[in-house]
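Participant: Read off the chains here:
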Amino acid sequence: MNVESRIRQAKPAYLRANSDQAAEAVWDKLQQRETALVQKRSRISRVSIAVAAAAAVIICLIGSGFVSPIMASALKQLPLIGGLFGQAGDAGLQTVAEQGMIQNVNTSVTHNGVTFTISDMMYDGTRISMVLTRETSDGNNPPLKKWVDKSTDTYIAALKKGETPSDVIEVRANGEKLAVSRHLASDIMHHNSSILTIQPDVGVTGSSSFDLPEQFEFEVKIQDATINQEFKLGFPVTKTTNQYIVLASEKAKSHGDYDMSISKLEMTEATMQMEVRLDFKAGQEMEAIGDHLGYDVLNERGELATLLGGSSAEGTDEKSYVNVLLFEPFKELPKTLFVKPYVQENKEKVYIKELEFTLSVQ
Amino acid sequence: MEIDKQLKEWMELYYDRLCYVAYSYVRDRSRAEDAVQEAFVNAYLKVRQLKDKDRPYPWLVRIVINQCLNTIRNHKREKLAGHVPERSIASTEDVYMERSRDREVYAGIMSLEAKFRMPIILYYFEDMSVKEMAYALGIGEGAAKTRLARGRKQLENLLRRGDSDECGESYSSGKTGLSPR
Chain A
1 MNVESRIRQA
11 KPAYLRANSD
21 QAAEAVWDKL
31 QQRETALVQK
41 RSRISRVSIA
51 VAAAAAVIIC
61 LIGSGFVSPI
71 MASALKQLPL
81 IGGLFGQAGD
91 AGLQTVAEQG
101 MIQNVNTSVT
111 HNGVTFTISD
121 MMYDGTRISM
131 VLTRETSDGN
141 NPPLKKWVDK
151 STDTYIAALK
161 KGETPSDVIE
171 VRANGEKLAV
181 SRHLASDIMH
191 HNSSILTIQP
201 DVGVTGSSSF
211 DLPEQFEFEV
221 KIQDATINQE
231 FKLGFPVTKT
241 TNQYIVLASE
251 KAKSHGDYDM
261 SISKLEMTEA
271 TMQMEVRLDF
281 KAGQEMEAIG
291 DHLGYDVLNE
301 RGELATLLGG
311 SSAEGTDEKS
321 YVNVLLFEPF
331 KELPKTLFVK
341 PYVQENKEKV
351 YIKELEFTLS
361 VQ
Chain B
1001 MEIDKQLKEW
1011 MELYYDRLCY
1021 VAYSYVRDRS
1031 RAEDAVQEAF
1041 VNAYLKVRQL
1051 KDKDRPYPWL
1061 VRIVINQCLN
1071 TIRNHKREKL
1081 AGHVPERSIA
1091 STEDVYMERS
1101 RDREVYAGIM
1111 SLEAKFRMPI
1121 ILYYFEDMSV
1131 KEMAYALGIG
1141 EGAAKTRLAR
1151 GRKQLENLLR
1161 RGDSDECGES
1171 YSSGKTGLSP
1181 R
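These protein sequence lines are chains A and B, in that order.
Following our numbering, the numbering of the first sequence begins with 1 at its first residue and continues without gaps.
Following our numbering, the numbering of the second sequence begins with 1001 at its first residue and continues without gaps.
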């Protein structure tokens, strides 16, 4: 018998797994991953120290994740001065709030004693951020986290049963469903308001920017499993930005088996977002390398941009990988940006010198 | 088909096969199952990247292999950091060995380096074409063909040496580390 025939004969019979247990394990891992992603990406809210004392107390307490029942009741009596963007948003949202570039939407829908309201919103081409509030007619206004947890658990339970549940939050622009990632600022979810940020799902769209007109009709569909009800909130959106700068690296740089280029670094008043493209000679290590790279972005004064979140996805041509990083914008428009990629080894950043980029802004 | 139903169907069709592919990489059954489960999570999250919807298997194998590489890398990192006791990632006994109808050849395949072992497993055991195998391994078709041919050649050499040793000597004690048929 020739070697090929013998190889075919050597194929072992597969071990049979318990399919119910396997499915259960996969759904559990999916749930864990989604929770981890939410925690990783949704640290979009940052506590402001330059706010009125009452609001600072509210945010600090909520940000610490501890609200006693007595204090929770007291907190509800205090207004959030200047709105949630100004008080609890990241530096970019605070800037647009200060500059009056937020849209006051104030749209509400009520079903079975529950009201969802979207008050302020901001769209700058890279992200749509909005203040989402859930109120109950009995005035108790439980923490937003309760709705999120219950709706997520219900969603996962339906998946496990082989059903096809609706997304907890789905968004549409001019009637078209958008492929997006959704982030609720977890730091302030303990209250009944939070900041919901919508960004393109780069794994699906292949781009970190929205492909949307300057103005469009926006719809947010929310599932509330606590009352088994769907809420639809619609409103017009206008892109509001006075500053829109896009930079890119002139050429790719090489390291090991891949080339790196900065395909896009967008700067608006609200956002600094960088899209990094990795081109591999072979696709084998793509995800393993792409997911382990970190990036420091500094201005000409050596100040480090604060990372808000990030995502990564395989490119469209099977040998490329895309990292998208969202940073807080610098307080002043920088003249030069220095991008320093690194890998983390034993909790230390090891910079990859040959992949460093210098981008001139002016 | 909706992704949730799709995932369920893929699990029914491919879970056991993928566990074997993962096992042949990480050589540990629980790590293999863990890698496959993580791979299904990745497949769920990235399903829109699947191009050939009629034949998802090579895409799933590619995700599984990437997951296995991560598993091996993390294991090495943990070992370096002293978080896990020093031991080989591979189990001492191959749980699939006794399920093979030609254990000598099976043992020979498993003793090859991963870069020669995997093309053989994907091409001969998993019935993948050279193109699909190259895609799953993230290498060019030329490299895939070369590795397949070199792996087969190394296996032939191992079997030939095994034959010459056969007078009273078992493979497990010989140079190749093969088990007796």
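To be clear, the hints were calculated from the coordinates, so they are not data collected in a lab.
Computed from a predicted structure; not experimentally measured.
Beta carbons: idealized from backbone N, C-alpha and C, even for Gly.
One or more of the hints may lead you astray.
As the list claims (entries may be wrong) - Per the computed footprint, the stretches of chain A lying under chain B, defined by three or more beta-carbons under 8 angstroms from a beta-carbon of chain B, are: (1) 126-137; (2) 237-249.
Unchecked claim - Below, in silico cross-link-like pairs of lysine-lysine (DSS-like), each with a Cα-Cα straight-line distance of 30 angstroms or less: (3) B/K1005 with A/K146; (4) B/K1053 with A/K253; (5) B/K1145 with A/K29; (6) B/K1131 with B/K1115; (7) B/K1131 with A/K161; (8) B/K1051 with A/K340; (9) B/K1145 with A/K150; (10) B/K1005 with A/K253; (11) A/K221 with B/K1115; (12) B/K1046 with A/K145; (13) A/K281 with B/K1053; (14) A/K161 with B/K1145; (15) B/K1131 with A/K177; (16) B/K1131 with A/K221; (17) A/K281 with B/K1145; (18) B/K1046 with A/K340; (19) B/K1053 with A/K150; (20) B/K1005 with A/K232; (21) A/K319 with B/K1051; (22) B/K1115 with A/K264.
To be verified - FRET-style restraints, in silico, Cβ to Cβ: (23) B/R1055 with A/V204: 37 to 47 angstroms; (24) A/D291 with B/A1143: 36 to 46 angstroms; (25) B/R1055 with A/Q229: 46 to 56 angstroms.
Participant: Are the hints correct? Go through all of them and say.
Facilitator: Status of the hints after comparison with the structure:
For the region 126-137 of chain A, the stated coverage by chain B is not satisfied: 0 residues place a CB nearer than 8 angstroms to a CB of that chain, which falls below the threshold of 3. Here the region 237-249 of chain A counts 0 residues with a CB under 8 angstroms from a CB of chain B, which misses the bar of 3, and the coverage is violated. For the hint linking B/K1005 to A/K146, the alpha-carbon distance of about 28 angstroms falls within 30 angstroms, and the restraint holds. Our distance criterion of 30 angstroms between C-alpha atoms is broken by B/K1053 and A/K253, whose separation comes to about 35 angstroms.
With a C-alpha separation of about 36 angstroms, the suggested pair B/K1145 and A/K29 falls outside the 30 angstroms cut-off, and the hint is violated. With a C-alpha separation of about 16 angstroms, the suggested pair B/K1131 and B/K1115 falls inside the 30 angstroms cut-off, and the hint holds. For the hint linking B/K1131 to A/K161, the alpha-carbon distance of about 36 angstroms lies beyond 30 angstroms, and the restraint is violated. Taking the CA atoms of B/K1051 and A/K340, the gap is about 34 angstroms. The hint is violated against a cut of 30 angstroms.
For the hint linking B/K1145 to A/K150, the alpha-carbon distance of about 52 angstroms lies beyond 30 angstroms, and the restraint is violated. With a CA separation close to 42 angstroms, the supplied pair B/K1005 and A/K253 exceeds the 30 angstroms bound. At roughly 48 angstroms between alpha-carbon atoms, A/K221 and B/K1115 are farther apart than 30 angstroms, so this suggested pair is violated. In summary, the hint linking B/K1046 to A/K145 is supported, as the alpha carbons are separated by about 27 angstroms, within the 30 angstroms threshold.
For a cut-off of 30 angstroms, the pair hint linking A/K281 to B/K1053 stands: about 25 angstroms separates their Cα positions. Of the pairs offered as hints, the one joining A/K161 and B/K1145 is violated, with about 43 angstroms between alpha carbons and a cut-off of 30 angstroms exceeded. Taken as a hint, the B/K1131 and A/K177 pair is broken in the structure, with Cα atoms around 35 angstroms apart against an allowance of 30 angstroms. Proximity of B/K1131 to A/K221 is assessed by CA-CA distance (about 43 angstroms); at most 30 angstroms being required, the pair is judged violated.
Distance restraint check for A/K281 and B/K1145: the Cα-Cα separation of roughly 17 angstroms lies within the 30 angstroms cut-off, and the hinted pair is therefore satisfied. Under the criterion of a C-alpha separation no larger than 30 angstroms, the hint pairing B/K1046 with A/K340 is consistent with the structure, at around 28 angstroms. Taking the CA atoms of B/K1053 and A/K150, the gap is near 33 angstroms; set against the 30 angstroms cutoff, the hint is violated. With a C-alpha separation of about 26 angstroms, the suggested pair B/K1005 and A/K232 falls inside the 30 angstroms cut-off, and the hint holds.
Distance check on the hinted pair: A/K319 and B/K1051 sit about 14 angstroms apart at the alpha-carbon level, within 30 angstroms; holds. Taking the CA atoms of B/K1115 and A/K264, the gap is about 36 angstroms. The hint is violated against a cut of 30 angstroms. Distance hint for B/R1055 and A/V204: a CB-CB separation of about 21 angstroms, inconsistent with the stated range 37 to 47 angstroms. Between A/D291 and B/A1143 the C-beta distance comes to about 24 angstroms, which lies outside the given range of 36 to 46 angstroms.
Roughly 41 angstroms separates the CB atoms of B/R1055 and A/Q229, a value that falls outside the hinted 46 to 56 angstroms.
Violation of the numbered hints given earlier is confined to hints 1, 2, 4, 5, 7, 8, 9, 10, 11, 14, 15, 16, 19, 22, 23, 24, 25; the remaining hints are satisfied by the structure.
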